[in-house]
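So you can see what is in the structure, the chains are spelled out below.
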Amino acid sequence: MSHTGRWIGRIYVLAVAGFSVSPLLIVIVLSFGADDFVVFPPTGFSLRWYGALLRDGELARSLALSVEVAAAAAVIGLFAGVPAALALDRARLPGRGILQAIALSPLLLPEVLIGLALLQFILSTLETSPSFLTLVAAHAVLVFPFIVQFAGAALVGLNLEIEDAARTLGAHPGRLFAQVTLPAIAPSVAAGALFGFIFSFDNVAISLFLASPGATTLPVTLYERATYSNDPSLAAAAATLIYLGLGAAVLLRRFSGPAVPATVGQ
Amino acid sequence: MTRRAGLLLLAPALLLLLPVFLVPLVIIAETSIRGAGSLDSGWTLAAYRQILSSRYFLTALVRTFGLGLSIATLNTVLATPLAWWLIRNPRWKLPVTALVAAPLLVNVVARLEGWQLLLSDSGPVNAVLSALLPGGQPVLFLGSTLGVAIALLHIMLPYVVLALLAAMQAIDPTVLDAADTLARPGRVFWTVALPLSLPGLASGFLLAFTLASASFVIPAVIGGGRFNTFPTLIYQDMLALNTPRAAALAMCLLAALLPLAWAVRRTRNAAP
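So the protein sequences, as listed, match chains V and A. Note that the working numbering gives residue 103 to position 103 of the first sequence, counting from 1, and the numbers run on in steps of one. Converting from the second sequence to the working numbering requires adding 1000 to each position, the first position being numbered 1.
Keep in mind that a hint or two might mislead.
[Claimed, not checked] Covered, in the sense of this in silico footprint (three residues per stretch, anywhere, with C-beta under 8 Å from a C-beta of chain A), are these stretches of chain V: (1) 4–16; (2) 54–68; (3) 120–129.
[Said to hold, decoys possible] Some but not every residue of chain V turned toward chain A, in silico, with C-beta under 7 Å: (4) Gly95; (5) Leu107; (6) Pro110; (7) Leu116.
Hints listed in this document are in silico derivations from the structure and should not be mistaken for laboratory results. As the structure is a computational prediction, the values presented were derived from the model and not from experiment. From the three backbone atoms N, C-alpha and C, an ideal C-beta is built for every residue, glycine too.
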């Protein structure tokens, strides 16, 4: 390739990479601003907006709620998802393709549809109002496909001869699962649970539809502030979420190797 | 494993999905054809008729899917040369992929806060523009199609890049080596690499199309209430307690996106 061509390629790649990280960088830079309003460029450096975050009771409450909801959803997702993955992989079920499509569909359908459907079900059929419990149940449905997909992928790659050997040695199905199959798929299942946790923690649309006075998650609180105001404390909160997201990315790389599974949904 | 054991293992999943996902979907479909207000008024297509006969909703429909289509097209055009460059410069693959994929795990509201800061009237983008073109008015990004498109482009880009990279990586390197000895680099790309990575390209394109059209948060935050797509209209109708119309809008969105979602799955399965 010509000299100029090489440079055009480099500049192009640099520009796309810059486009990718620029919104993250600006948040981090402006979160350390010393001004009372968002000013670019900031006139000084300070940690005052991070201090304001620490004193913000509403944010602390919604953060705690987000973690509780995501953790509870991940646990429910595990109990529903691992057996389902096992059944879908091992049992010759009628209509397996359809069952698999249903299992993954919470990630494929528009979030506003799922949120609206759940809200209508809660309000008109159950005749109650959204609560912590309904939020956890909704998020468990979101986590479920991640577990099924990750556990399913690990089951497909499993060496069946090890299970045959265990069976020949007299292990019952329960013991076989607990001592042979589960340990083998555990790393992948853990990665799936972690992805599901992050997906639940980050969800805005469904949490927004199902938000109630006692059950407003952190992304919903920030969403509401972002649509109404633009004070620097929002930049500090967003910057904190960026640190968390990048930390999670590093953690996931450790967990599941270089492959970045395609996560779906915004 | 016996069929009975399999069904037993599916029981917890059914216990979760049936009441929290499948039944609500059936109920929302039924709500969309229920007359507003009373339960005994029977089924009606009034909400659908209202949507399909109104200029306002048809414009929003065109906007929703026009946006999805343009974002998917632009992203594919942006990502293809990038992915190909990374295949040709493997030394840079890991760091550049890390930078492009970095936003994936960052909360979408935080990413949008970044775009709000970058694109505001007094933000850096407008500062650069006014330095280049002194005396001009600041460009109104927030609340406009342009701002929503930039943010959507940014949020969908990693999906398209990763899909294309996966497809290009799956090309047998000896095929590319052989092509390199026979043809100029441009020709290798157009006649060998691009055709072989078409499944990945289609997968990335369809994924970006689906996600962009169904996105609620991005048009809601960057559009600031002045940029309505089907997802934001559904939310507004829900707040206004016009549930039948919200349900009908959601069903229209689903009807348009379901074939796309199905196609995404097919290209995923077809991809090597």
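These are the hints, each one checked on the structure:
Closer than 8 Å: that is the beta-carbon criterion, and the stretch 4–16 of chain V has 4 residues meeting it against chain A, so the requirement of 3 holds. Counting residues of the stretch 54–68 of chain V whose beta carbon lies closer than 8 Å to any beta carbon of chain A gives 0, which falls below the threshold of three, so the coverage claim is violated. Residue count for the stretch 120–129 of chain V with a Cβ under 8 Å from a Cβ of chain A: 4. That meets the three needed, and the coverage hint holds. Interface hint at V/Gly95: violated, since its Cβ lies 11 Å from the closest Cβ of chain A, which is beyond the 7 Å cut-off.
For V/Leu107, the shortest C-beta to C-beta distance to chain A is roughly 9 Å, which exceeds 7 Å, and the interface hint is violated. Annotation: V/Pro110 was flagged as interfacial toward chain A, and the flag holds, the nearest CB pair being 4 Å apart, inside 7 Å. The interface hint given for V/Leu116 holds, since its Cβ lies 5 Å from the closest Cβ of chain A, which is under the 7 Å cut-off.
Comparing the model with each numbered hint stated earlier shows that hints 2, 4, 5 do not hold.
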